[in-house]
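Take the sequences, apply the hints, and build the full model.
Protein chains: 2
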Amino acid sequence: MKGGVVDDTGRALSGVSLPTEASRGQEFGLERMCETIRVATRAAGLGMEQIAAIGVATPGTMDIHAGIILDPPNLKPWQNVPVRDHIHGVFKVPTAFQNDANAAACGEAWVGAGRNTRSLVLFTLGTGIGGGVVLDGQVLTGAHSHGAELGHVKIEMTQPRRCGCGRWGCLEAYASAISVVKRAQEALARDGGVSSLHREREELSARAIFDHAAQGDGLAAQIVEETAYYLAVGATNAMHSFDPDMVVYGGGMIAAGPAFLGRIRYHVSEMAFPVLVEKTEIRYAELGSDAGFIGAAACARHLLRQLSRS
Amino acid sequence: MKGGVVDDTGRALSGVSLPTEASRGQEFGLERMCETIRVATRAAGLGMEQIAAIGVATPGTMDIHAGIILDPPNLKPWQNVPVRDHIHGVFKVPTAFQNDANAAACGEAWVGAGRNTRSLVLFTLGTGIGGGVVLDGQVLTGAHSHGAELGHVKIEMTQPRRCGCGRWGCLEAYASAISVVKRAQEALARDGGVSSLHREREELSARAIFDHAAQGDGLAAQIVEETAYYLAVGATNAMHSFDPDMVVYGGGMIAAGPAFLGRIRYHVSEMAFPVLVEKTEIRYAELGSDAGFIGAAACARHLLRQLSRS
Numbered sequence: 000m001k002g003g004v005v006d007d008t009g010r011a012l013s014g015v016s017l018p019t020e021a022s023r024g025q026e027f028g029l030e031r032m033c034e035t036i037r038v039a040t041r042a043a044g045l046g047m048e049q050i051a052a053i054g055v056a057t058p059g060t061m062d063i064h065a066g067i068i069l070d071p072p073n074l075k076p077w078q079n080v081p082v083r084d085h086i087h088g089v090f091k092v093p094t095a096f097q098n099d100a101n102a103a104a105c106g107e108a109w110v111g112a113g114r115n116t117r118s119l120v121l122f123t124l125g126t127g128i129g130g131g132v133v134l135d136g137q138v139l140t141g142a143h144s145h146g147a148e149l150g151h152v153k154i155e156m157t158q159p160r161r162c163g164c165g166r167w168g169c170l171e172a173y174a175s176a177i178s179v180v181k182r183a184q185e186a187l188a189r190d191g192g193v194s195s196l197h198r199e200r201e202e203l204s205a206r207a208i209f210d211h212a213a214q215g216d217g218l219a220a221q222i223v224e225e226t227a228y229y230l231a232v233g234a235t236n237a238m239h240s241f242d243p244d245m246v247v248y249g250g251g252m253i254a255a256g257p258a259f260l261g262r263i264r265y266h267v268s269e270m271a272f273p274v275l276v277e278k279t280e281i282r283y284a285e286l287g288s289d290a291g292f293i294g295a296a297a298c299a300r301h302l303l304r305q306l307s308r309s
Numbered sequence: 000m001k002g003g004v005v006d007d008t009g010r011a012l013s014g015v016s017l018p019t020e021a022s023r024g025q026e027f028g029l030e031r032m033c034e035t036i037r038v039a040t041r042a043a044g045l046g047m048e049q050i051a052a053i054g055v056a057t058p059g060t061m062d063i064h065a066g067i068i069l070d071p072p073n074l075k076p077w078q079n080v081p082v083r084d085h086i087h088g089v090f091k092v093p094t095a096f097q098n099d100a101n102a103a104a105c106g107e108a109w110v111g112a113g114r115n116t117r118s119l120v121l122f123t124l125g126t127g128i129g130g131g132v133v134l135d136g137q138v139l140t141g142a143h144s145h146g147a148e149l150g151h152v153k154i155e156m157t158q159p160r161r162c163g164c165g166r167w168g169c170l171e172a173y174a175s176a177i178s179v180v181k182r183a184q185e186a187l188a189r190d191g192g193v194s195s196l197h198r199e200r201e202e203l204s205a206r207a208i209f210d211h212a213a214q215g216d217g218l219a220a221q222i223v224e225e226t227a228y229y230l231a232v233g234a235t236n237a238m239h240s241f242d243p244d245m246v247v248y249g250g251g252m253i254a255a256g257p258a259f260l261g262r263i264r265y266h267v268s269e270m271a272f273p274v275l276v277e278k279t280e281i282r283y284a285e286l287g288s289d290a291g292f293i294g295a296a297a298c299a300r301h302l303l304r305q306l307s308r309s
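Note that the protein sequences, when read in sequence, are chains A and B. Under numbering that gives the first Met the number 0, think of the first position of the first sequence as 0, with each following residue one higher. Under numbering that gives the first Met the number 0, think of the first position of the second sequence as 0, with each following residue one higher.
Misleading hints may appear alongside valid ones.
Copies of the same chain look alike in the list, so a pair counts if it fits in one copy or across any two.
[To be verified] The calculated lysine to aspartate or glutamate pairs, modelled on EDC-like cross-linking and capped at a C-alpha distance of 20 Å, are:
{"#": "1", "residue 1": "K278", "residue 2": "D62"}
{"#": "2", "residue 1": "K278", "residue 2": "D70"}
{"#": "3", "residue 1": "K181", "residue 2": "D210"}
{"#": "4", "residue 1": "K75", "residue 2": "E30"}
{"#": "5", "residue 1": "K1", "residue 2": "D99"}
Rather than coming from a laboratory, the hints here were simulated on the basis of the structure. Remember, it's a predicted structure, so these values are computed and weren't measured experimentally.
Laid out in structure tokens, this is it:
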């Protein structure tokens, strides 16, 4: 569980990390959240009375309007947890609650890659693929808290891969870190033993595949190139749906660096409408591992502004 | 060119149609637009001084913020036409300008299928496939006037069909009226002569294919069923992107009736997240052939409200 204090200019005054220990259950988890907030506040040299608002961002299925975690995939004993009301009850300050990828998009739009834009689409490239969309300064939550599930846009019908969500042909089934490894394993099974990746076959990681590609391994390079293509299909679909100022990629995979981003841009230029190719910026996220709590703070700040207007 | 007077409750007080005669050029076209507005006003028994605002909706590429038609596909001599300023200059009332599918979405959200919703996604099923999105009562125009180009979301990579836009694998290349006919022609070329559609092969229309399917022709029924599946892929992608209250289908193809809508719903139920399957309404548009000018009026009304707030 990460937490930090962020000032009104988007600067992180502290950043702390506490173990979630999900198996110890909801009550423990909620107290651990409160503890993370207290520790982050102390680490910034502040007292709780100096905290204007709190933002909480979590993964998994949730009812964002109600402030409830419904059924988080990696926090199994948790279910129907009224996170927002609990945090608000403990600290007595306005508390925002948001999906983690949506929050990260708010953070990037506030002080990250999209700080000079009105609208952006964020893809978070990790174990899975998350999405967050900000339009005219407003995060897209969706009518049922499922806005911007961009990893689950279907991009293939004829030979669709099975996705972790149980469906077929989702972007995530092609371009998440897990899918990159799976595609490499399949290619290695067909490969005559030439690829340098064979040495790492037992414990293959997306990172290793990108590294071997950078070192000139043909099979790894092919997997990376296809990944750029799949991500470009996702970007093109987002551009033809939302038409944002900017498409932003965050998450572990952006360690692949500028060449990989260049290949995504190339494939987008082959697929998207010319005016969008010309005008839509495609960039990496800038907030790194602080994106989560800076984004949550962006949501809290947005809530404060809403409250001050009403 | 269609026009009508719409009152503040969304009721059409008149509806008229004048030939566009696109080949006569821009100046003629702009005057024809003005004439359509005058004729529609007279047909409603009103004088121009009783018109509070004007909405204009056109197809093709445009700069919506600037109020300019850039390069309309079916109005070839037209280019860079400052439609909004011209109409405003002639009639001296607030004038809204919008893409036709976006306007139709505004109309359906105002007094059509989505009148009780906050957000909807509209697919217009005609020669091509258009898209319009309304989120929290605001139409999605996009940063570059290309929001909601939902016919050009890519749904196939392995064997992508060529789209009218020049790209590959777009939804429109599978489920527009032209694509339905093309797929049927291909199926007939493979068919041993059993299908009743062979009789109409020279002048095949999407309407004929749906009719033959309804009368029990197996090949036609297969084409129709696949069309429902493709449209469901498009709907699922829109649901996982925008998460609207409602997905609405408009355009000529909805003459296919409730059974076709039922098949779209069935395929969506197989592909979308369960909570969205349960909660997202999927319906046909209700404004029929008046959708265009009622939608344009919705945009004009929205503009009036913005002006009265600022």
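Now for the hints, and whether the structure bears them out:
1. K278 <-> D62: So K278 and D62 pass the 20 Å test across copies only (13 Å; inside, 35 Å).
2. K278 <-> D70: between (39 Å within a copy, 18 Å between copies)
3. K181 <-> D210: within (16 Å within a copy, 46 Å between copies)
4. K75 <-> E30: Only inside one copy: K75 and E30 sit 17 Å apart there, 66 Å across copies, limit 20 Å.
5. K1 <-> D99: Only inside one copy: K1 and D99 sit 12 Å apart there, 46 Å across copies, limit 20 Å.
In summary, the structure agrees with every hint in the numbered list given earlier.
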